[in-house]
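2 protein chains.
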Amino acid sequence: MTRQQLVEQIFKKQSYLCVGLDSDIKKIPKFFLSQPDPILAFNKAIIDATKDLCVAYKINTAFYEAMGVKGWQAMERTVKYIGDHHFKIADAKRGDIGNTSDQYAKAFFDTLPFDAITVAPYMGVDSVQPFLKFYGKWAIVLALTSNRGANDFELKKMAPEDTRYGVNEFLYERVLKTFSTWGSEENLMFVIGATHPDEFAHIRKMTPRHFYLVPGVGAQGGSLKDISEKAMTKDCGILVNASRAIIYAGEKENFAEEARAIAQQYQFEMSEYLKARS
Amino acid sequence: MTRQQLVEQIFKKQSYLCVGLDSDIKKIPKFFLSQPDPILAFNKAIIDATKDLCVAYKINTAFYEAMGVKGWQAMERTVKYIGDHHFKIADAKRGDIGNTSDQYAKAFFDTLPFDAITVAPYMGVDSVQPFLKFYGKWAIVLALTSNRGANDFELKKMAPEDTRYGVNEFLYERVLKTFSTWGSEENLMFVIGATHPDEFAHIRKMTPRHFYLVPGVGAQGGSLKDISEKAMTKDCGILVNASRAIIYAGEKENFAEEARAIAQQYQFEMSEYLKARS
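One line per chain: the protein sequences are A and B, in this order.
Reading the first sequence from the start, the letters are residues 1 to 278 in the numbering used here.
Reading the second sequence from the start, the letters are residues 1 to 278 in the numbering used here.
Which copy is meant is left open, because identical chains are indistinguishable; a pair holds if it fits in one copy or across any two.
Quick list of in silico lysine-lysine cross-link-like pairs, DSS-like style, CA-CA up to 25 Å:
| id | residue 1 | residue 2 |
| --- | --- | --- |
| 1 | LYS205 | LYS234 |
| 2 | LYS157 | LYS177 |
| 3 | LYS26 | LYS106 |
| 4 | LYS26 | LYS133 |
| 5 | LYS205 | LYS156 |
| 6 | LYS106 | LYS70 |
| 7 | LYS27 | LYS44 |
| 8 | LYS27 | LYS106 |
| 9 | LYS275 | LYS12 |
| 10 | LYS230 | LYS275 |
Since the hints were derived computationally from the structure, they do not count as laboratory data.
Use the sequences and the hints to build the structure in full.
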């Protein structure tokens, strides 16, 4: 999916919601366990209940890999079920030397029909380039994540690159700056956690046109209002993810309606911020 | 596999060789393609030909994921075929927020019987802790990788932590220092690429007892002699990986013997360094 197609979907649906399918066999309603593929059946129900309210789905690969071959099968079936009208993100945090990242790109863009994959920045340029070679496909690079471990390296200061005039920027700022030279606004997004609202205005200044994938709203405590006010651009420029808050909203027969109700709240709030912006 | 068991294997076999199973359907001998599971059949032949010469096998998950469900199946079968006498590494470069890393730990330590998994450090403490909770299992954290992208962040200087007395250390040094406080020599190793021989003596001083997984010998040009002289401890303390140089040594009927011949050269050279050290 190209940037233009994504932006069109956002304004048509008045939503920049991404629903995170962190589907855990231990947490889905018990009555799915008798199905041949319980995770797929659960995901289908969530997708059917939310598809008009969100523009993206994010599949967290860890939850599928934890189930081995069956999990990989459920992931494949789920991403195919989602279809072509939603932006499909493999939240896989991959990244390796060039010849290996090539294989990851093949796995998620070719063998599986994802539109985007999350990528870890540590190994530098050749670890991300293979993901930038596919038209209409995206690398979403970790910049400032929503977890407490963000303090360990991402929010540590670097020495200035130019020792005479430079400033001490955070590692995550160096990541933003460096990666924006390797990819464009058409094939590169950044992960910016909603748990760092104070940084958002500054981050937007550094990368004025890039899309951000924003986790950390909901279960992790970030505020949709804060990030929307501080990071939205005229193209919207943000995809806000909610996983647990939506997919585990209910655990009884009516779990899908409850999931829809929460997604609807997000979409309604988002439509207000989109209107305020335009 | 515990540290003691690993060290015993190394001295018994006089080898610290890890064979990397980066098995690519496009590069394995053509006659395997008629098999029901070509990658498994190829891996079995390589394993049978090298198992007395190496102490570890490293499965690069990217090459398996590129084939989708069938690839994941081949990986599962391969790791089971290797058995309990070798140290089994999932070269997966995973790492995510705590509840997600929990799922990756489950995927590779519980659902699949790996002994170790490579982990990306960027997201900090909660991204690695879930891998350190399993007895006899290991996280192998990326510190200084063998690729050219290592220059982009790993070899960039940080501002001092103590602004009055501190020194400008590299990001990879900060990673070494910080992670050594989170894990022990019994559950944590570091990836140090063989392409940085000048850094090895210094790295060994910073982390005197940790094991290193050393890629970059062979196809990437690092020297086995250099790293063995500079980083070996009395417990050996290094696992040196070779992937392409061994598994693609030949492409004809006798490919397994050719793979064995290369592995044998490595093992012979390693036995000399082990003797020189003791």
